[in-house]
Amino acid sequence: MAKEIFMPKLSSTMAVGTLLQWFKEEGETVEIGEPLFEIMTDKINIEVEAYDQGVLLKKYFDVDAEVPVNQIIGYIGQAGDKVPDSSPGMTGEEGTTEEKEEATVSEQQELIPTASHTQEGEKPRATPAARRIARTNNLELVFIDGSGPYGRVHKKDVIAHLEAKTSIPKATPLARKIAQTEKVELSSVTGSGVNGKIVKDDVVSAAVPKEAVALQEPATKRRKMSGMRKVIADRMAQSAYTAPHVTLTSEVEMTKVKELRAALLPVIEKQTGFRVSFTDILVKAVGAALVRHPQVNVSIDGDEIVQHSEINIGLAVSVQDGLMVPVIKDVVSKGLAELTIDAKDVGKRARENKLLPDQMRGSTFTVSNLGMYAVDAFTPIINQPESAILGVGRIQDKPVAINGMLEIRPMMTLSLSFDHRALDGAPAAAFLTELKQILENPFELLV
Amino acid sequence: MTTRQITYLEAVREAMSLEMRENNDVFILGEDIGVYGGAFGVTRGMIEEFGPERVRNTPISEAAIAGAAIGSALTGMRPILELQFSDFITIAMDQMVNQAAKTRYMFGGKGKVPMVLRTPAGSGTGAAAQHSQSLEAWMAHIPGLKVVQPSTAYDVKGLLKAAIDDDNPVIFYEHKLLYRTTDDVPEESYKIELGKADIKREGTDVTIVATAIMVHKALEAASELEKEGISVEVVDPRTIVPLDKETIINSVKKTGRLIVVHEAVQRGGFGGEIVSVVAESEAFDYLDAPIKRLGGKAVPIPYNPTLEKAAIPQVPDIIEAVRETVKNK
Chain B
1 MAKEIFMPKL
11 SSTMAVGTLL
21 QWFKEEGETV
31 EIGEPLFEIM
41 TDKINIEVEA
51 YDQGVLLKKY
61 FDVDAEVPVN
71 QIIGYIGQAG
81 DKVPDSSPGM
91 TGEEGTTEEK
101 EEATVSEQQE
111 LIPTASHTQE
121 GEKPRATPAA
131 RRIARTNNLE
141 LVFIDGSGPY
151 GRVHKKDVIA
161 HLEAKTSIPK
171 ATPLARKIAQ
181 TEKVELSSVT
191 GSGVNGKIVK
201 DDVVSAAVPK
211 EAVALQEPAT
221 KRRKMSGMRK
231 VIADRMAQSA
241 YTAPHVTLTS
251 EVEMTKVKEL
261 RAALLPVIEK
271 QTGFRVSFTD
281 ILVKAVGAAL
291 VRHPQVNVSI
301 DGDEIVQHSE
311 INIGLAVSVQ
321 DGLMVPVIKD
331 VVSKGLAELT
341 IDAKDVGKRA
351 RENKLLPDQM
361 RGSTFTVSNL
371 GMYAVDAFTP
381 IINQPESAIL
391 GVGRIQDKPV
401 AINGMLEIRP
411 MMTLSLSFDH
421 RALDGAPAAA
431 FLTELKQILE
441 NPFELLV
Chain R
448 MTTRQITYLE
458 AVREAMSLEM
468 RENNDVFILG
478 EDIGVYGGAF
488 GVTRGMIEEF
498 GPERVRNTPI
508 SEAAIAGAAI
518 GSALTGMRPI
528 LELQFSDFIT
538 IAMDQMVNQA
548 AKTRYMFGGK
558 GKVPMVLRTP
568 AGSGTGAAAQ
578 HSQSLEAWMA
588 HIPGLKVVQP
598 STAYDVKGLL
608 KAAIDDDNPV
618 IFYEHKLLYR
628 TTDDVPEESY
638 KIELGKADIK
648 REGTDVTIVA
658 TAIMVHKALE
668 AASELEKEGI
678 SVEVVDPRTI
688 VPLDKETIIN
698 SVKKTGRLIV
708 VHEAVQRGGF
718 GGEIVSVVAE
728 SEAFDYLDAP
738 IKRLGGKAVP
748 IPYNPTLEKA
758 AIPQVPDIIE
768 AVRETVKNK
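Those sequence lines, one after another, are chains B and R. For the first sequence, position 245 (counting from the first letter as 1) is numbered 245 according to the working numbering, and the numbering increases by one without interruption. Position in the second sequence counted from 1, then plus 447, gives you the working numbering.
Next comes chain B alone, as it looks inside the complex:
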């Protein structure tokens, strides 16, 4: 019996997934553990592996389709297994009324023999007489429409086919399928298979020139927003238009943080093999500040405010053509060495697109560090469903007045955007002030 392939639910907030690509075509064999398709959730691109082995019998959705979680998107089974013509709905469901009706319909269709082409992967049904005539005329039965029950090819069908003299090119079912989706005219393809049979590769290479033509179009290029780009676009717009953003900025003197980092650098490097970064220290400090200001560690869910008990910090990581926000869990209980390991790990995984689903969900506050660029301050957009995000600027030596004296100190601007629906200016300002104090006196972290 054919096994369902369905859209996996990879996070608690994931409602739909976008199909980025299929790695298999219908009719190809699939092993357990082989990547079958790639999806993009609201947070991640991930390759989904096959749980069953067999033949990919059916794909119900094309690339870029947005599919609700648990929706059946295909079937794996043995060649010849019957699968519905359209997605039967959600996996594991007992079946809605609609589904039941559909099932009844398809049962009826089975009872009433239908005339159609041979099903994918099945041997053609044909009477001995039809086979004899096809054989003597070098005709492939798969290309002949059968008029009998279940598409059985009869003598008259072969004769009609002969009379029609339609020179249908020989091609494998897979090549035929690809040709159909790629809109390649099979008659224009030269086959490289046995007796000039058109195989998959022939169609694929025939499809290439068409793309080349597309490239020669006018200088203004358009490309479809797909995959991650689309997700980012949707999520940023949604956050910007639903959450009233207020951004507070504050300059922080980083002298002590620099001293701290200089002192801990060899220690942590010896322990973990990684170099502790300002971001790692910032994460630690943000954690400490959030403990003292839990009103910032909230989410809006409908008309309720959810107070999170855990403090999980999302780290904005720039990746090829996009942005990922992997999560470091429970930062409060972790020391700087552990945070360094975690941050390096998720950063690397994000860039290599190998984040685990668990590393993509559950953040309650995000840190976005643009300090490596010539950026002092900015207005970050909140990573919903969080209620606040911290933008980090560069550390720059600046003249500052200290006790009436002009001194040069390493200064850094923090930009805190918060959702004014969830909290107001005063508590947000108090949080930012707390953070500033911690960073200017990092020994507080030991308290």
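Heads up, some of the hints might be wrong.
[Said to hold, decoys possible] List of simulated lysine-lysine pairs, DSBU-like, C-alpha gap at most 35 Å:
1) R:K774 to B:K82
2) R:K756 to R:K608
3) B:K24 to B:K3
4) B:K9 to B:K156
5) R:K608 to B:K123
6) B:K123 to R:K756
7) B:K354 to B:K224
8) B:K156 to R:K776
9) B:K170 to R:K700
10) R:K643 to R:K549
No lab work stands behind these hints: they were computed from the structure. Small disclaimer: the values here were computed from a predicted structure and weren't measured.
Chain B is fixed; fit chain R onto it per the hints.
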């Protein structure tokens, strides 16, 4: 050749009488075949013409009748024995299977068993489960026995002559319901070679191979189907051993479709053999529809007349099978 209309029953009697007048070695034996004329009256009047020496009443023992016939055949006579109902062939079976069928072979041809076992078969007379069976497939299974199933008065006379002339034991099945059917039958003696099928009706769309009473049902169905523009060929093998494979195969090559109909229970019936012959032959490549078999249901023949009819193929069943088979013509 002068012909006139006589019944199947009269044709059987005439074939025996003609032969007995010509050949003193031929005699008949059976239960109550003398003055009473046998269970169906086939031998009525024969004792008057040929006397009790050549029309011998026997005790009620089919084994003894068969044994006596075999013994006399081995010693040079040409006996025709009658069993009242073909169901009782089971009692004669040891004699027929282990003696009659084997002797000529086991003695290297030095002995032969030229005998005919005549017996009425089939249902339709309300004779219930023990007097209505069609067990010809059992006998057809035994090498050394020939099996004849005539369907018309003309055929039964010619085939019985051939059976009497044959030097091997022949099981000659007469159908009870056919006894009263009439046909144009020549007055003089003639012979229809065993193993020669007869195309009872020519057609182009489907071949029906039917035996005994089913030949008539198939012909009736064919007449009905002609009105729908379906041309049915009806082949009557007449003898199932030997079987005229050539005629059947050629017919199927012509029509591309085959239906086999017999009254005997379909399961293990001789229809399966006919279908296999076709499937194994060159006609296979000409088949353009699945082969169909119509046979009796796997039940004892019921006494209730309605159920008795329902237990075997009837004309509407044949019509439906043909329609189904030629659907994708």
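Looking back at the hints listed earlier, which ones does the structure fail to meet? When the structure is compared with the hints, numbers 4, 5, 6 turn out to be violated.
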